[in-house]
Amino acid sequence: MKTKEETWELRLYIAGNTPKSQTALSNLKRYCEEHLKGKYIIEVIDLLVKPQLAEGDQIFAVPTLVKKVPEPIRKIIGDLSNEEKVLVGLNIRPASK
Amino acid sequence: MSSTTSNKHNTPLKSLPKSLTGIIGLDEITTGGLPAGRPTLICGGAGSGKTLFSIEFIVRGAMDYNEPGVFMAFEEKTEELTQNVTSLGFDLDQLQKEKLIKLDHVHIERSEIEETGEYDLDGLFIRLGYAIDSIGAKRVVLDTIENLFAGLTNQGILRAELKRLFEWLKEKKVTTIITGEKGEGMLTRHGLEEYVSDCVILLDHRINNQISTRLLRIVKYRGSVHGTNEYPFLINEKGISVLPVTSLTLDHPVSSERISSGIPTLDKMLDGQGFFRGSSILVSGTAGTGKTSIAASFADASCQRNERCIYFAFEESPQQIIRNMRSIGLDLQKHIDSGLLKFQASRPTLNGLEMHLVSIHNQIKEFKPAAVVLDPITNLITVGSVSDVKSMLMRLIDFLQAEQITVLFTALSLNNVVNEQTDEGVSSLVDAWLLVRDIESNGERNRGMYVMKSRGMKHSNQVREFVITDKGLNMIDVYLGPEGVLTGSARETQQLQEETGVVLREHAVSRKNREIERKRLVLESKIAGLKEEFESVQDELNKTYIEDELRKEVLDKNREQITRNRHNE
Chain B
1 MKTKEETWEL RLYIAGNTPK SQTALSNLKR YCEEHLKGKY IIEVIDLLVK PQLAEGDQIF
61 AVPTLVKKVP EPIRKIIGDL SNEEKVLVGL NIRPASK
Chain H
1 MSSTTSNKHN TPLKSLPKSL TGIIGLDEIT TGGLPAGRPT LICGGAGSGK TLFSIEFIVR
61 GAMDYNEPGV FMAFEEKTEE LTQNVTSLGF DLDQLQKEKL IKLDHVHIER SEIEETGEYD
121 LDGLFIRLGY AIDSIGAKRV VLDTIENLFA GLTNQGILRA ELKRLFEWLK EKKVTTIITG
181 EKGEGMLTRH GLEEYVSDCV ILLDHRINNQ ISTRLLRIVK YRGSVHGTNE YPFLINEKGI
241 SVLPVTSLTL DHPVSSERIS SGIPTLDKML DGQGFFRGSS ILVSGTAGTG KTSIAASFAD
301 ASCQRNERCI YFAFEESPQQ IIRNMRSIGL DLQKHIDSGL LKFQASRPTL NGLEMHLVSI
361 HNQIKEFKPA AVVLDPITNL ITVGSVSDVK SMLMRLIDFL QAEQITVLFT ALSLNNVVNE
421 QTDEGVSSLV DAWLLVRDIE SNGERNRGMY VMKSRGMKHS NQVREFVITD KGLNMIDVYL
481 GPEGVLTGSA RETQQLQEET GVVLREHAVS RKNREIERKR LVLESKIAGL KEEFESVQDE
541 LNKTYIEDEL RKEVLDKNRE QITRNRHNE
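Chains as they are written, first to last, in the UniProt record's numbering: chain B, 1 to 97; chain H, 1 to 569.
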């Protein structure tokens, strides 16, 4: 499994400290600890503070989790409550399960 | 922002503040533009001009009204957009540099996106808000926000968020255009009209007989009067122009000045003075009745008054008309040379009706004529339906009347009586209507003309015979004989007959006079005879009387003599 050697660069875009962003962040941390321990970086970007960053990653919904590395780029929108979908989106588990 | 809001409330009446679009014609129809600070929905099918419409709104706002704008594109990339509108002379790059507009492309790639759980569109809000604040935008375009529906599956969230977005835009006090693709049975595919309730404009692109017409209709405009019709619009090198420029009002100035029709006898039929300046005149008739000749006479008369005239010919080339008119004694070439007359000949099928209208508009604006001739309008039917032509002519007449330009149309009517009443349906629009008819009798064809209507003046009710001579046109009184109206050679026969009658009558009169003279002579001679007779009787009587006197005298003498003789004895 080559992919295990890679580092997951994850960016979570939020807009203020809302319950939704709280949930998303805690969910993300939990999944990463479970499946990607030691191989991930999480960058949280608050658009209320840095609105100019929204255009670059084509953000229109929050919270949005952007996975830039490893390829392909994926965006996961929502509070990440569905573990199954998040893991598929992050290429941690094969989609055919 | 507070200064702008106070500006908007400067109007004395508390009417809806509006934001001028700068799009030719649209501001007239909406009486001042789109509702300021509110969202407007522009919907229409693919290729109906939605994007162009909205980009012109932004660019005109930035360039002409000092209102910067944000264009958020969900479909096209900003580079593509910039390229697409360069042909219209809009330099988006430059405007972006000057911070007058901001383009933002929202790219939504379905395959990249996964949805889990609750989310909202605050990202979009923040992005838009940032763009608005960075240039102080007053105008926003979202083109086409419906693309969100393609990218996101949770419709419930999406709809709630859109509603919030429009509310938020209203709070931001930006004038917004939202575009939407036309859906089946609905104005937009995803029912955006539910959220945007202030102003909805529908664009359409129709093709009739291979000729395309773009149409615009204001479906609703809350809190404002607006034109409700479908208005054709054009996209040309100057952007969008919605036609007509003036169409809603009937308050153009009127003139009571009269101008000659170029045919003195026709003027006589029109209260002796001709048409009103700035009126519209229709000359209709069957083929070959001399409509073009009347039109050319009118044009000639206008040039003779030293007024400019444009002749729009849809059937004949200018050279042909000039040659033909020379045969009736009209020299149009000299007016062309002096720059008073301008011919504009084109086949009707060259353009759609709207393009014709625009080119007519432009020509008139440029040449500033006092009179315009359209010969014939019937041919325009080949490029549009009767109602299209009517609406086009109506707008043309409105425009011309507002400019105080006298216009003369010719129209070919088909050879049946019913149709005479509905020449392209413009007969009710025009101020004066002359009808030239064939009168066929005694094996020949003649032309009869009458004034069907002429608003605001006393006009002749007589059918006149319309003759075309090599010295021009003339109207001749027709003869009303026992067999009806007499024209042509029948009229001439009648004239001859009348002349014969006159001679015969004169002859009869002189014979009677001679007889009277003779009778007088006879009587006079009789009187002389009687006089003679009387004198002879008188003489006779006198003779006896003298004889008696003489005898008495002699007797007296004799007696005296005898007496004397006795005394002398």
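Think of the hints as simulated: they come from the structure by calculation, not from any bench. One or more of the hints may lead you astray.
As the list claims (entries may be wrong) - Facing chain H, according to a computed beta carbon distance under 7 Å, are these residues of chain B, among others:
#	residue
1	I42
2	V44
3	P51
4	G56
5	F60
6	I76
7	G78
8	D79
Stated by the list, open to error - Computed cross-link-like contacts, DSSO-like style, restricted to lysine-lysine with a CA-CA straight-line distance of at most 27 Å:
#	chain 1	residue 1	chain 2	residue 2
9	B	K50	H	K334
10	H	K334	H	K368
11	H	K173	B	K50
12	H	K368	B	K68
13	B	K50	H	K163
Where a beta carbon is used, it is the ideal one built from N, C-alpha and C, also for glycine.
Results of checking the hints against the structure:
Using the Cβ-Cβ criterion of 7 Å, the hint placing B/I42 at the interface with chain H is not satisfied: the shortest such distance is roughly 16 Å. Checking B/V44 against chain H: minimum C-beta separation of about 14 Å lies over 7 Å; hint violated. For B/P51, the suggested interface contact is upheld, since its CB lies about 4 Å from the closest CB of chain H, less than 7 Å. A least Cβ separation of about 10 Å between B/G56 and chain H goes past the 7 Å threshold, and the interface hint is therefore violated.
Interface restraint check for B/F60: the shortest CB-CB distance to chain H comes to about 4 Å, inside 7 Å, so the restraint holds. Contact between B/I76 and chain H, as hinted, is supported at the beta carbon level, the nearest pair being about 5 Å apart and thus within 7 Å. Annotation: interface hint on B/G78 holds; nearest CB of chain H at approximately 4 Å, less than 7 Å. The interface hint given for B/D79 is met, as the beta carbon of that residue sits about 4 Å from the closest beta carbon of chain H, less than 7 Å.
In summary, the hint linking B/K50 to H/K334 is not supported, as the alpha carbons are separated by about 75 Å, beyond the 27 Å threshold. Under the criterion of a C-alpha separation no larger than 27 Å, the hint pairing H/K334 with H/K368 is consistent with the structure, at around 19 Å. Between the alpha carbons of H/K173 and B/K50 the distance comes to roughly 23 Å, so the proposed pair stays at or under 27 Å and holds. About 65 Å separates the Cα atoms of H/K368 and B/K68, which puts this hinted pair outside 27 Å; it is violated.
In summary, the hint linking B/K50 to H/K163 is supported, as the alpha carbons are separated by about 25 Å, within the 27 Å threshold.
Hints 1, 2, 4, 9, 12 from the list above are not met by this structure, while the remaining hints are.
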